[in-house]
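*Asks:* Each chain is listed here by its residues.
There are 4 protein chains.
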Amino acid sequence: MSKTTVTIWNEFIHEQKDEKVKKVYPDGIHRKIAQMLGDKYNYQFATQDMPEHGLTQDVLAKTDVLIWWAHVGHAKVEDAIVDRVQQRVLEGMGLILLHSAHYSKIFKRLMGTGCGLRWREANEKERLWTVEPFHPIAKGIPQYFELPNEEMYGERFDIPDPDKVVFISWFEGGEVFRSGVTYTRGMGKVFYFRPGHETHPTFHNPTVIKVIENAIDWAKYEGATDVMKAAPNIKVPLETIRSVEPK
Amino acid sequence: MSKTTVTIWNEFIHEQKDEKVKKVYPDGIHRKIAQMLGDKYNYQFATQDMPEHGLTQDVLAKTDVLIWWAHVGHAKVEDAIVDRVQQRVLEGMGLILLHSAHYSKIFKRLMGTGCGLRWREANEKERLWTVEPFHPIAKGIPQYFELPNEEMYGERFDIPDPDKVVFISWFEGGEVFRSGVTYTRGMGKVFYFRPGHETHPTFHNPTVIKVIENAIDWAKYEGATDVMKAAPNIKVPLETIRSVEPK
Amino acid sequence: MSKTTVTIWNEFIHEQKDEKVKKVYPDGIHRKIAQMLGDKYNYQFATQDMPEHGLTQDVLAKTDVLIWWAHVGHAKVEDAIVDRVQQRVLEGMGLILLHSAHYSKIFKRLMGTGCGLRWREANEKERLWTVEPFHPIAKGIPQYFELPNEEMYGERFDIPDPDKVVFISWFEGGEVFRSGVTYTRGMGKVFYFRPGHETHPTFHNPTVIKVIENAIDWAKYEGATDVMKAAPNIKVPLETIRSVEPK
Amino acid sequence: MSKTTVTIWNEFIHEQKDEKVKKVYPDGIHRKIAQMLGDKYNYQFATQDMPEHGLTQDVLAKTDVLIWWAHVGHAKVEDAIVDRVQQRVLEGMGLILLHSAHYSKIFKRLMGTGCGLRWREANEKERLWTVEPFHPIAKGIPQYFELPNEEMYGERFDIPDPDKVVFISWFEGGEVFRSGVTYTRGMGKVFYFRPGHETHPTFHNPTVIKVIENAIDWAKYEGATDVMKAAPNIKVPLETIRSVEPK
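Residue numbers (this note's numbering), protein chains in the order written: chain A, 25 to 271; chain B, 25 to 271; chain C, 25 to 271; chain D, 25 to 271.
It is worth saying that the hints were derived from the structure and are not from the lab.
Hints are supplied without guarantee of correctness; some may be wrong.
For chains that are exact copies, the list does not tell them apart, and a pair is met inside one copy or across any two.
[Stated by the list, open to error] Straight line, CA to CA, 30 Å or less: simulated BS3-like cross-link-like pairs of lysine-lysine:
hint, residue 1, residue 2
1, K86, K100
2, K64, K253
3, K234, K253
4, K259, K47
Based on the provided sequences and hints, a complete structural model is requested.
*Replies:* Spelled out as structure tokens, the structure:
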């Protein structure tokens with residue numbers, strides 16, 4: 025079986041401008057995630073400053089699962105590329121959105137909602153509770169795990185009801201948050217995972233990486249034998265139609 | 025208690041161009057629906073050829089529930105108006121989408137999916153089964169009801185999992201369809217209801233109208249006491265934060 | 025419109041045996057809840073030591089919504105009464121389960137799962153976050169509310185996926201919990217609400233009572249016009265059957 | 025990797041008493057299903073007339089996925105065995121319920137509802153539409169498949185909202201039915217699949233068998249690393265509790 029191809033998209037702005045972030049992720053969040061995941065997957069990297077944000081038709085066609093980290097650059101992502109990514113999700117490409125990607129154009133597009141939340145940067149403790157311990161994304165994950173310092177995201181998180189809420193976070197400052205949520209959109213699987221603020225070494229944490237690995241394996245498209253095209257006109261009915269329209 | 029204000033949006037194209045449709049809906053689908061619903065509600069009408077498609081900020085601000093019928097004009101609906109309608113749904117305006125509105129920009133926007141389906145124009149019989157007889161939208165609706173001639177829509181219907189599937193249709197030609205589905209998007213309730221092809225007198229049918237009436241009463245925003253603004257920065261934590269970030 | 029009839033079932037054991045609890049609820053939890061709810065509803069009271077636990081056919085027939093508080097007496101509730109309550113829920117009676125009723129026979133019966141959870145009695149602070157501020161059960165409830173001292177219940181809560189998660193709790197000791205969850209079972213609506221430990225004056229709290237009031241109004245059966253009997257044999261088909269079974 | 029162990033439980037009554045059924049399933053429905061599935065799995069067989077209905081602790085302990093076919097014998101299945109099967113589902117054993125098992129004690133136990141439906145024995149045509157073509161249970165299954173003669177089951181099917189509706193049936197006589205529905209109960213996955221009336225050769229049909237094979241592979245427990253025991257008392261909190269109870 026050939027390796028899953030994972031494309032890691034990172035806006036890659038903080039790491040080039042902010043000394044504190046550069047220290048945590050000298051090669052960028054995208055390369056750190058790949059290094060932590062190891063050689064189980066094939067990788068493609070794409071960043072916002074590349075032509076077509078690095079997400080050409082060719083790159084996306086080869087992608088089994090796309091990981092998306094973004095924050096300050098959301099507004100500058102071109103709508104045409106968002107259209108393209110959405111189309112690929114509907115065709116079966118997996119999509120994993122990390123942390124501040126909750127406010128990305130592609131997540132809002134797939135959710136149809138505002139995707140707002142409460143937030144605070146106070147380096148506080150986060151404890152993620154595994155609410156669905158039997159879900160493939162929770163495989164090997166303990167009942168709970170902790171991140172000593174993270175940005176806080178709190179409810180009300182303005183999303184549609186998830187298919188499954190896999191993790192709920194407790195924050196030291198007093199909030200809670202649905203931190204791992206799954207969706208199906210067309211043929212594609214979507215997972216939003218909360219942690220990963222750029223100033224903290226969250227993607228150095230093996231449990232966080234294990235969740236991402238599980239999510240990749242879960243989101244990978246298995247194929248469907250016989251998918252109908254978008255809106256087929258079925259002129260010949262399967263059964264004889266006897267109804268007669270009144271004159 | 026003041027009356028609910030219902031805005032009925034109709035692209036109003038077929039009724040002005042097609043003799044057959046004009047005969048069924050001489051004053052337009054929008055006016056027929058209002059006439060059938062009667063004086064229980066206040067009405068506003070809006071059509072595609074009006075400035076801003078008739079959906080000015082003022083009209084939408086006064087709208088409790090928006091009904092949307094559209095078919096051949098989807099592509100010509102301005103994105104700025106779609107943005108505006110979506111924003112009002114997220115703020116609590118109810119939205120009822122009828123028949124070919126499944127392929128409207130606003131429905132696709134709120135779903136995040138392609139919204140495709142199988143279809144056939146063969147004037148065949150449709151029987152709608154009430155799968156959730158206790159849902160407010162099914163109040164007063166029998167176990168099933170029939171439409172002698174309708175366009176066929178068949179599964180796979182490319183939508184996210186609904187909150188509730190209220191009706192499932194049987195078609196004489198051999199297909200089935202999730203014909204009444206509910207969603208929550210932000211503070212707004214959304215109902216998609218399948219029947220209503222322009223060449224058939226479907227909106228003359230009292231049971232169809234009763235479903236729409238129920239849906240209006242269900243979708244009307246009841247208000248929420250204390251809704252947070254989009255993405256508040258909560259600088260002062262609720263609890264004392266003792267975590268210290270390592271140097 | 026006649027008043028909704030609310031039957032409050034309380035095992036009524038702690039209040040008669042434990043001095044601390046007696047001080048908080050001298051007349052029993054059931055009477056305190058009714059007193060706080062006020063004269064909006066008709067009340068019936070039922071306790072475990074009454075014949076048929078106070079839940080005769082007649083009492084249940086008159087009940088629109090049943091509230092259930094129980095803790096140490098679960099095992100001694102008769103199965104025949106549990107059958108009877110379940111049957112009434114399936115026929116449309118609303119059911120609100122409070123606090124340790126998560127482990128009652130009737131809740132397990134309706135859920136089909138073990139309904140276990142983590143717990144701790146440490147008089148710690150609980151903060152309930154309103155995750156669905158637009159749900160009827162959240163009407164008038166702020167973004168969050170606090171109980172200064174409560175028993176802790178923590179995830180993994182072994183329940184089926186709820187229809188809606190209305191509240192999620194944060195606990196001072198480090199846990200989270202889905203504290204307000206809704207279900208539909210047959211024609212009946214079910215709401216589980218977490219707070220209410222017998223040693224704390226939780227049911228003296230107006231916000232807690234407002235949630236219960238909202239839940240009563242939400243759970244009250246509105247009726248369904250045309251509900252089929254349990255398993256009707258439809259001998260005469262709706263459509264002509266032309267299939268022939270091969271010999 | 026060792027083979028999955030599938031236990032096929034069949035009440036095995038019709039096949040021993042009814043000549044017509046004996047002709048279709050001379051060795052019983054259970055053996056026919058195993059023969060069709062082939063040597064991919066290890067099999068255990070259990071029938072109602074065996075001691076403990078063949079479902080001893082030992083047999084269940086070895087079972088990865090249990091298949092259940094039953095019809096006229098539901099009432100005679102011992103409650104203690106139903107308890108035992110439920111317990112194993114909650115611990116992770118997969119459960120696939122076929123056809124008239126919708127009215128079995130174990131299905132009602134796991135659902136909490138009445139599980140009624142409309143029905144008719146008229147040898148009519150059934151067409152199953154694949155509503156979730158990307159679900160693992162639909163792998164290799166076409167957009168629709170047909171059974172030339174089946175018993176009819178029609179909506180309203182009195183079940184809780186499924187996790188996923190994978191198939192919806194169209195019946196020649198005019199009804200529709202949610203024919204393939206998934207649930208999670210505790211650590212266990214549950215799939216109800218409608219077809220399989222004893223007088224028809226439905227389990228001779230390779231597509232029906234492919235659905236069952238997919239369901240076995242989907243329902244097999246993958247394990248969870250760190251599952252809490254039923255209701256642990258967590259005496260030592262994770263965080264320091266500072267709240268003080270008022271005197």
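*Asks:* Which hint numbers does the structure go against, in order from smallest to largest?
*Replies:* 2
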